[in-house]
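> Each chain is listed here by its residues.
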Amino acid sequence: MTRYAMVIDLNTCVGCNACMAACAMENQTPVWKNKWRTYVHDKEIGTAEDLHRRFFPRLCNHCSNPPCLTVCPTGATYQLDNGIVLVDDERCMGCRACAMACPYDARYEVTYADVKTATEFYGEPKRRHPSMDKCSFCAHRVEKGLKPACVETCVGSARMFGDLHDPDDPVAKLVASGIAQPLLPHLGTKPNVYYIGDLKRRG
Amino acid sequence: MEPIMSYATQDVWTWWIAVYLFLGGLGAATLTVTFLTDMYLKQHKCLVMWGAVSGVVMLGAGSAMLFMHLLHHAAVIHILNPLVLFYKPDAWIAWGTQFIIWMMWWGVLYALPYIVESPFYQRLPLVRHLIRWPFVLKIAALCERYHKAIGWLATINGIGTAVYTGLLLQSFPAVALWHNPGVPLLFTVSAFSTAMAYLLLVLHVIVNRPEDHDVRVFYERLDLMLIAGELVILFSFYHYMQSGSEALYRSAELLWTDMGWLVGFIGFGLLVPFALELHGVLKGWSSRLPIVTASVLVLVGGYLLRHYFLYAGVYARPW
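Chains as they are written, first to last, in this note's numbering: chain L, 1 to 203; chain E, 1001 to 1319.
Honestly, the hints are just simulated from the structure, not real lab data. Mixed in with the good hints, there may be bad ones.
[Stated by the list, open to error] Distance ranges between label pairs, derived from CB positions:
hint, chain 1, residue 1, chain 2, residue 2, range
1, E, Tyr1238, L, Lys173, 46 to 52 Å
2, L, Ala21, E, Ser1243, 39 to 45 Å
3, L, Thr119, E, Tyr1249, 32 to 38 Å
4, E, Trp1015, L, Cys16, 36 to 42 Å
5, L, Tyr122, E, Tyr1238, 49 to 55 Å
[Claimed, not checked] In silico negatives: residues of chain L with every beta carbon more than 10 Å from chain E:
hint, residue
6, Met100
7, His165
8, Pro170
[Unchecked claim] Here chain L is said to cover these stretches of chain E; the calculated rule only asks that three of the stretch's residues, wherever they fall, bring their Cβ under 8 Å from a Cβ of chain L:
hint, region
9, 1086-1100
10, 1201-1207
11, 1250-1264
On a predicted model such as this, the values are computed, not experimentally measured, just so you know. No residue lacks a Cβ here, since even glycine has one placed at the ideal position from N, Cα and C.
Pulled out of the complex, with its shape left as it was, chain L reads as follows:
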């Protein structure tokens, strides 16, 4: 059984934000209110003599034990057999419990006004109902054998997408080696987005 995962190498992310733009166009996110399915944080670390700039891409971690799915009262948040966590916007009533439960700040509101604006902004609308939206690992692309839009567009190849259950997959190898680590593993959410720490900053 396939288990999709993403590895993000913080050493090669240059903070160009192309992933954000590609995702926004692919998934019609409400960029007019600065809400994104994936967001690249830009942080300065250290003092004036020894200052490093760190870009930190963030998205839904498609947890194997997703707290957003557990708390969702309508069943709008669901998980495919391949591990991708999706939202059925027709079923989502927008109580925001998922946003409260998510440790990775992956959920954001899409309101009635956003649905209307999206039609004017992007043309043919992809969603018709308000919901608590999130990254879908571009499931619609993945099922066609394509990579998620953010992975496809990443100029530094910082984002890698693959199958954890395929031992020959580079992503599975990086995770198995222990170089790539998940965020907040102590919470028991079993996230499927892994990060390779920025070695330069750590010397």
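Knowing the structure of chain L, use the given hints to seat chain E on it.
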């Protein structure tokens, strides 16, 4: 991976959820205490009617607060269906919604035999016509026959609703302040304490009968014990929050340095009513004013607890 942590509170669930949790707990506990009083302490038709009507109104108002803030109102139909408990038994909002809905039904049905024979309701416009319908009278007779069973169904749903208000916050693993078993306990004790306070207000201000003195004293004693219990739980929370995780420590910094929490909730919402009720239990009061004051303060404190608890939840973010 060596995360660089940042810490943040949330602005997703704010005062309107605090109102929902407060009214949900208060309404459900009010119905429960009223019915248990009527079944086992002293039959009190007037108290049941006041408790049932105000409890149902509180539950309705709290639920309306949540409903108004939904993003997609039509989709609420999915949790109004009782079958939701079969396909989403792990979601506390699903349980809470069903508890609240059924609590309101049992609340109305328990009070119905008293309402149909009440001179007040027989004079009330619209209601007076409604309670004369043969169908309603038949249901009232049926409810009278199974009064205790309905009372216990209401009690189970009432306790379930009060516990749910805490379990809801406990189900968010990202916030250490909320994700612990102390929260449902604290919110349940607080719900029943505010219910006692509300019913004391009813018995002192609205249904002020000399023959209810024993019920008032019993409620004061119960409330005193509940406030004492709440103080013990809060003391445990204070110590729990001093270490364990950075997010928890930051929650402690937010809560235990805030005058609204310290003076407003702990001081005026718990300690002052505790002192007033303790004096009432030990030596008695010549006037009803101190207990009325204590009840109002407990009610305000009940809201403040939920308000500050929501605002002090801190998320640890690894970026």
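> Are the hints correct? Go through all of them and say.
Tested hints:
no.	hint	in the structure
1	E:Tyr1238 with L:Lys173: 46 to 52 Å	holds, 48 Å
2	L:Ala21 with E:Ser1243: 39 to 45 Å	holds, 43 Å
3	L:Thr119 with E:Tyr1249: 32 to 38 Å	violated, 46 Å
4	E:Trp1015 with L:Cys16: 36 to 42 Å	holds, 40 Å
5	L:Tyr122 with E:Tyr1238: 49 to 55 Å	holds, 51 Å
6	Met100	violated, 5 Å
7	His165	holds, 22 Å
8	Pro170	holds, 18 Å
9	1086-1100	holds (count 8)
10	1201-1207	violated (count 0)
11	1250-1264	violated (count 0)
The structure fails to meet hints 3, 6, 10 and 11 from the earlier list, while all remaining hints are met.
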